[in-house]
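K.L.:
Residues per chain, in single letters:
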Amino acid sequence: MKSDTPMDDDEAIARSLDGDLTAYEALVARYSVLAHRTAAMLGAADEAEDVVQEAFVKAYRHLSSFRQGSPFRPWLLRIVANETHNLTRSRGRRTGLAVRLGAVTDPVAPDDPEGAAVAKDRRARLLEAVRALPDGERDAVVCRYFLQLSEAETAEVLGRPVGTVKSSTHRGLARLREEVGGELA
Amino acid sequence: MVSSREPHDDDRGGLGGLGDLEAELFALGDSLDVPAPPPADVAAAVRARLTTGIAPTTPAPTTPAPTTPATPAGRPLKRRRGRRWAVVAAVVLAVAALTAATPQGRAAVAQILRYAGIELRLGGAPVPVEPTPTSLPGERAVTLDQARATARFPVRTPGALGAPDAVTVSDGGRVVSMLWPGGLRLDQFDGTISPYLWKQLGPPFPEEVHAAGLDALWIGGAHPLGYIKREDGTSVPLRQAAPTLIWETGGVGHRLEGAGDKDRAARIAASLR
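So the protein lines, in turn, are chains A and B.
Everything in the first sequence is counted per this note's numbering, starting at 1 for the first residue and increasing by one.
Everything in the second sequence is counted per this note's numbering, starting at 186 for the first residue and increasing by one.
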């Protein structure tokens, strides 16, 4: 597959609806990483790859129900979230945040190994605190901050009213502040 | 990943900007590793499933298996199989990828037609032949009377043929199949539910047949046949099918396979009572 000029989502979707699988491949490639992040962070764990493939296949099958001109990203991620939910429900448990801390040098303290270690420790504790949140709050926090979705997108992806997303996020943040916020400047 | 952080402004409390905790969460999210296969591999795997109905981990010699380095071999296959058979609420579908030469430039499906409960995907790369013929979900041998009692639609028989050698019911009564010697097979299925057969067809394209009050399509080449699962639209390959006539009458989809030529197929079809 190669594309000479990048297609925008709308064009790729329109062409996919006409049966152009190469256009759909471009969409898949474009959202693949985000879809994997979403699946992993919402609990698919090591089955994220399966979930993502199923989601893309399903999205293609249901593309005719996609409202053209509306944003593709939350529509797709909702399918990913639903597939993840089906998976976790079928195996009776969810794995929570299937992610690990990367070996990132904290930009705040590039020349300060001790500070970097402290920062890393803090990140680890914050991650643990996010993991420990109640499901609804964790999902909202994950979508808003780790996946960097807007409130409206988060509502669509999680299938909840915007007001619920707002309050879940708010409660989640409050809980996180309680857990790790003590040393925050 | 492209995203805007502006929408988060609505979260600012009295902090006069993004809260420290929120900024920290963004930074944490950015630092998290989530293993993901190369996007091009995912795209190829999805395409393979869409065009062939073959799950990428299913052995299929003619389909290059996408690499899924982070996944232990075997496990995903097991799960797909479980799903595949657990949920089959699908109607059958016959799909035809005519084995006729498909020009390189036609790798993409050009058009989708839905007809008599069958999805025809016109144009596209040749579909690999399913190496192992598979039965329809839940297919079992029954008598004609049992089939009539089980089916969700009125079952008819073609007067042009004698009594079938065998009758089967599949998928909880959604499909009734009758078999005669020589590979002649008539499938009748509930044509009112949404799943379809899919066929990926290169030239020659299906031919319309109008005869004896019958409107049908003739698929004149051998083609892979499979069904589409209702649950998620996954295409499950069954076997290589002979040329087939497809039509719909009164909400019942029909496919007649193995009749030889289209005239004979049309005669048999028109004799259904």
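Hints are computed from structural coordinates only; laboratory data are not their basis.
All figures in this text were calculated on a predicted structure; none of them were measured in a lab.
Beta carbons are placed, not taken as given, at the ideal position from N, Cα and C, and that holds for glycine.
Mixed in with the good hints there might be a few duds.
Selected chain B positions facing chain A (in silico; Cβ < 7 Å) [said to hold, decoys possible]:
(1) Leu206
(2) Leu210
(3) Leu213
(4) Val219
(5) Ala230
(6) Val231
(7) Leu235
(8) Arg333
Selected chain A positions facing chain B (in silico; Cβ < 8 Å) [to be verified]:
(9) Leu21
(10) Val28
(11) Gln53
(12) Val57
(13) Phe72
(14) Pro74
(15) Asn82
(16) Arg123
(17) Val141
(18) Tyr145
(19) Leu173
(20) Glu178
K.L.:
None of the hints should be skipped; say for each whether it holds.
P.N.:
Checked hints:
The restraint placing Leu206/B at the interface with chain A holds, with a minimum CB-CB distance near 6 Å, inside the 7 Å limit. A distance limit of 7 Å between C-beta atoms decides the matter here; for Leu210/B the minimum to chain A is near 4 Å, and the interface restraint holds. The interface hint given for Leu213/B is met, as the beta carbon of that residue sits about 5 Å from the closest beta carbon of chain A, less than 7 Å. Among the interface hints, the one on Val219/B holds; its C-beta lies about 5 Å from the nearest C-beta in chain A, closer than the 7 Å criterion.
For Ala230/B, the shortest C-beta to C-beta distance to chain A is roughly 6 Å, which falls under 7 Å, so the interface hint holds. Interface hint at Val231/B: satisfied, since its Cβ lies 4 Å from the closest Cβ of chain A, which is below the 7 Å cut-off. For Leu235/B, the shortest C-beta to C-beta distance to chain A is roughly 6 Å, which falls under 7 Å, so the interface hint holds. Because the smallest distance between the Cβ of Arg333/B and any Cβ of chain A comes to about 33 Å, over 7 Å, the interface hint for this residue is violated.
Because the beta carbon of Leu21/A sits about 5 Å from the nearest beta carbon in chain B, less than 8 Å, this interface hint is met. Annotation: interface hint on Val28/A holds; nearest CB of chain B at approximately 4 Å, less than 8 Å. The interface hint given for Gln53/A holds, since its Cβ lies 6 Å from the closest Cβ of chain B, which is under the 8 Å cut-off. For Val57/A, the shortest C-beta to C-beta distance to chain B is roughly 5 Å, which falls under 8 Å, so the interface hint holds.
Proximity of Phe72/A to chain B is violated relative to the hint, the smallest CB-CB distance being about 12 Å (cut-off 8 Å). About 11 Å separates the beta-carbon of Pro74/A from the nearest beta-carbon of chain B, more than 8 Å, and the hint is not met. Interface hint status for Asn82/A: violated, as the beta-carbon distance to the closest one in chain B is roughly 10 Å, over 8 Å. A least Cβ separation of about 5 Å between Arg123/A and chain B falls short of the 8 Å threshold, and the interface hint therefore holds.
For Val141/A, the suggested interface contact is upheld, since its CB lies about 7 Å from the closest CB of chain B, less than 8 Å. Checking Tyr145/A against chain B by beta carbon gives a least distance of about 4 Å; that is within 8 Å, so the hint holds. Interface hint at Leu173/A: satisfied, since its Cβ lies 6 Å from the closest Cβ of chain B, which is below the 8 Å cut-off. This hint is violated: Glu178/A has a C-beta 11 Å from the nearest C-beta of chain B, more than the 8 Å allowed.
Checked against the numbered hints above, the structure violates hints 8, 13, 14, 15, 20; every other hint is satisfied.
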